[in-house]
Amino acid sequence: MFREYDVIVVGAGHAGCEAAHAAAQMGSKVLLLTMDMTKIGQMSCNPAMGGVAKGQIVREIDALGGMSGIISDITMIQFRMLNRSKGAAMWSPRCQSDRMRFSEEWRLVLERNPNVDFWQEMVESLLFEGNKIVGIKTQMGIEIKGKSVVLTSGTFMGGLIHIGEKQFGGGRVGEKASYGITEQLVKVGFEAGRMKTGTPPRIDGRTIDYSKTEEQPGEENPEKFSYSNTPHLTTQKSCWITYTNPEVHELLKTGFEKSPMFAGRIKGLGPRYCPSIEDKVTRFAERDRHQIFIEPEGWNTVEIYVNGFSTSLPEDVQYKALQKIEGFENAKMFRPGYAIEYDYFPPTQLKMTLETKIIDNLYFAGQINGTTGYEEAACQGLMAGINAHLKVHEKPEFILSRADAYIGVLIDDLINKGTEEPYRMFTSRAEYRILLRQDNADLRLTEMAYHIGLADSIRYQNVIEKKRKIEEMERVLPQMKASPDELNEGLKSLESAEIREKIQIQALIKRPEIVFDNLKTIFKPLETLVEQFGEEISRQVEINIKYETYIEKERQMVRKMHELEDFRIPDNFDYERVNALSAEGRQKMRKIKPITIGQASRISGVSPSDISILLVYLGR
Amino acid sequence: MILYTQKNDTIVALSTPVGVSAIAVIRLSGEDCIEIVQRIWQGKNLQQQAGNMALFGKIINQKKEIIDEVVLTLFKAPKSFTKQNVIEISCHGSAYVVQEILTLCLQNGARLAEAGEFTQRAYLNGQFDLAQAEAIADLIHADSKASHQLAISQMRGGFSNKIKELREDLIKLAALLELELDFSEEDVEFAHRGELLTQVTDLQAVIIKMANSFQLGNVMKNGFSVAIMGKPNAGKSTLLNTILEEDRAIVSNIAGTTRDTIEESKIINGIKFRFIDTAGLRETEDTIEKIGIERTRKKIKETQFILYLFDTETMNIEEVLAEEINEIQPYQIPYCLIGNKIDLITETQLATLKQLENFIGLSVRQPQTIKDLEDFLANYIEHISSNESQIIVNNTRHQQCLLEAANALQVVQNAIKDRLATEMIASDLRQAIYHLGSIVGEVTNNDLLDFIFSKFCIGK
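Top to bottom, those sequences are chains H and D. The first sequence begins at 1 in the working numbering and counts up by one. The second sequence begins at 1001 in the working numbering and counts up by one.
Honestly, I wouldn't trust all of these hints.
Keeping only pairs whose Cα atoms sit at most 27 angstroms apart, straight-line, the calculated BS3-like set for lysine-lysine is [stated by the list, open to error]:
1. D:Lys1417 to H:Lys492
2. H:Lys86 to D:Lys1172
3. D:Lys1417 to H:Lys520
4. H:Lys267 to D:Lys1455
5. D:Lys1301 to D:Lys1290
Simulated from the structure, these hints should not be mistaken for laboratory data.
Chain H on its own, in the form it takes in the complex:
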């Protein structure tokens, strides 16, 4: 019934979909297995994509030829550029999505791809030959051959849902959990663990009194994620903000004794940056209110996502507490919030390609690696899909460094440091934050993706053209000068210091209070130039001027890092031979098997003296 596939993708969430799409796009024959074909690309938690650091990841996925950006653009109902009050290097795109449309678009995208086959069933076990994976076996006992397998199990493996004192197996509420694979992997030597996450209740938008809440509309001139020609939003839906209050907190406390968290029934570690409302009330008892975002789930549904109210308290307590929130007095619940525990495999067991170290051609992506977030999952799926394809076609692996992309930071962190709680990306995790911007992901990545056969030639040509134009504008701009007579009145109006002699326009851009946008209003030739080159090109030129010293500083740091990065450690290096290594350093390096000295230096527990000892050993 089935051919032998190049890549079998187990799970059709954000990781699985990107993996299947990337491998298929590059030419692999792909089978996508999911327990429920109506749940492809499901947004299990909040109906939103992007955000600080996450938005950068979506842009990177897009620049590489992944689909999350395009699908977000097509299905968004609201767009905002976060961190606009910061410098351009920190801007982060975020959108509210139509949950159902998002899922539908993913399915359509995959269905359009002739290299993707589907099969709707649960996978029960993996098929090994020696230490290599050769396929999977379904619940019905069907064996399907595959040269590689990408496992993207999300919260489904050993999924256990908690609502108050109730607990039941499930991958999401109303969906079955899967069992068997974890046990099988542990048997062949994998280390497994449990993690926890949670989701808030969904309520009926018709029962909210919006007049008691604050409106949070979308941005006036919405931007988008994809560098391709996806449409801009023309109309948007608003979100709304309300707050909890002491009465809500008191009510919540009545359910604490039945809380699976406080009673210790939940063993897995949840993310600290995404605490449940009961956690917030306990840990930050001094606060008499917490912010609640009222997020619509789509264009045509009345369902509302109550962001900020994640909880696993008994459903009646949730219901009563919700009704004490301003605007929610008559709220009806569609479904309660819940907590879910699931199996994950500490990601230190992976190679940089996301292939497991123990089983060849088996790749892990998404929550199975201890991460959280659609964006984090999607980018891992993309990288796993790319590398599975490359491996079965005997091509060199594709790895992004910490200086290339947030994706590189994420995978490097996972593999070398592991994670104790669900890993979410923050900009603070990146050393080269000013280089890794949302506005230049295409300049950073698209050429690479084109050369491995993922990004198409249109994207490639666009980037080449963009680079050419940036260079051209950077050649022209320095020649633009202005005299005090032409500028001083305008500068005064911008509350910027007056000039004494003729000055290069680009010198003014270095002033914190000056940007192209306001400078062009007082100096027409600049307006003409910006119009000539367009917003996108001008932005790059502006950033390059404004951040010049910072960009240069980070580039220097990157060069230093690469020197260590080029220093390779032999594949089967015997750390036992090196007595002088610290016990912890030796143990960690034996486990993680770093490829380069640079990687070794980032492993927690490996000291600088361990590194210098390795350098001595590997000297020549």
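On the provided structure of chain H, position chain D as indicated by the hints.
The following block gives chain D in isolation, referenced to the frame of chain H:
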């Protein structure tokens, strides 16, 4: 993380044991070491010399002042221990000289060698076979462990607590900025720029204070300041001139001739002393002299040692001295009593005086007494430095880190004042954290996130 990979850059370190010795050897290795030393060298042009040469010459600073007369041994690549260009400077083994030469090397482009780095280079460049590698590795390990111990042990008194506080302050500061960048959508209050500026400024002050608090380091950098005090006409200016071997101060037998402080340096036994000739302290109606005396008092408070000069011919010498000691004790600065003009008193009188604590007899007509005084001062410094001799080189490293961190914090302050974007300020702060890392312990992203999550209610 220390980067070891620029294997051709020039490293420098003291190769002989730290502490006072007759001769000390400072070694440099790296492509540019000849060029670097040439800049601080007065003697034959090093670039034009063949390898394996010993050369006599002087080490000079930017102001062309002579630091020491040295013998320099030049090895040219690949005929050297490390197979790179190597220079060994044999200088006098005083803490000051060593420190000054190291500093000059650093200022001219060398960097301090890490523990075992010369040996490492020797190995990497094929000087040893693999069998020896283990031994070397052990050495590196032992060294870095020891240096860590040193780092801790040298933080005298309350310093280790200070370090801990410093680290926490640093984390807090960086976390506040990261909070703004990563959690701008959260319902939390962000640090006010003014408060941030105050915190950075305070932190910088602490760091500078720490950098300066290495007493020896300070002595080396600025010289050891010695105030010459005494009643008017006790011969203070004469003493200064004699020590300096030149007529720096105007001398007369009119009391109050020196109206302002005069400061001059002299290197004795390789240690730089700053002698400060003070206006004689006496009640006076002369306005100008009054101002001089006021300045003198201020100046004395800043010195590290007092030479109290008195005329041994004075009548009722014991009483007078007791009075004078009362006058200098409030300064709480170590002192010694210099009995001047001992050539004019009897042996018996001198013997009585010699029973005084911290007494040194002096006569400008007896050169040996001047020499005795100088020896006394040199010994005094060596006594201080020997108590801390284990930390000299490490001190430099730490002091350098501290000073660079302080500079980076200055950049942060400027960035805040210039209202630069948060990510720029954060980037500058990362530099400061990098420099302090080796002293206060590495600050990781996780430290920052831990702080944020413990202090702020984050998350929807």
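Verification of the hints:
Between Lys1417 (chain D) and Lys492 (chain H) the alpha-carbon distance is near 20 angstroms, which keeps this suggested pair within the 27 angstroms criterion. The suggested pairing of Lys86 (chain H) with Lys1172 (chain D) holds, with an alpha-carbon distance near 20 angstroms, which does not exceed 27 angstroms. Taken as a hint, the Lys1417 (chain D) and Lys520 (chain H) pair is honoured in the structure, with Cα atoms around 26 angstroms apart against an allowance of 27 angstroms. About 24 angstroms separates the Cα atoms of Lys267 (chain H) and Lys1455 (chain D), which keeps this hinted pair within 27 angstroms; it holds.
In summary, the hint linking Lys1301 (chain D) to Lys1290 (chain D) is supported, as the alpha carbons are separated by about 17 angstroms, within the 27 angstroms threshold.
Hint compliance for this structure: every hint is met.
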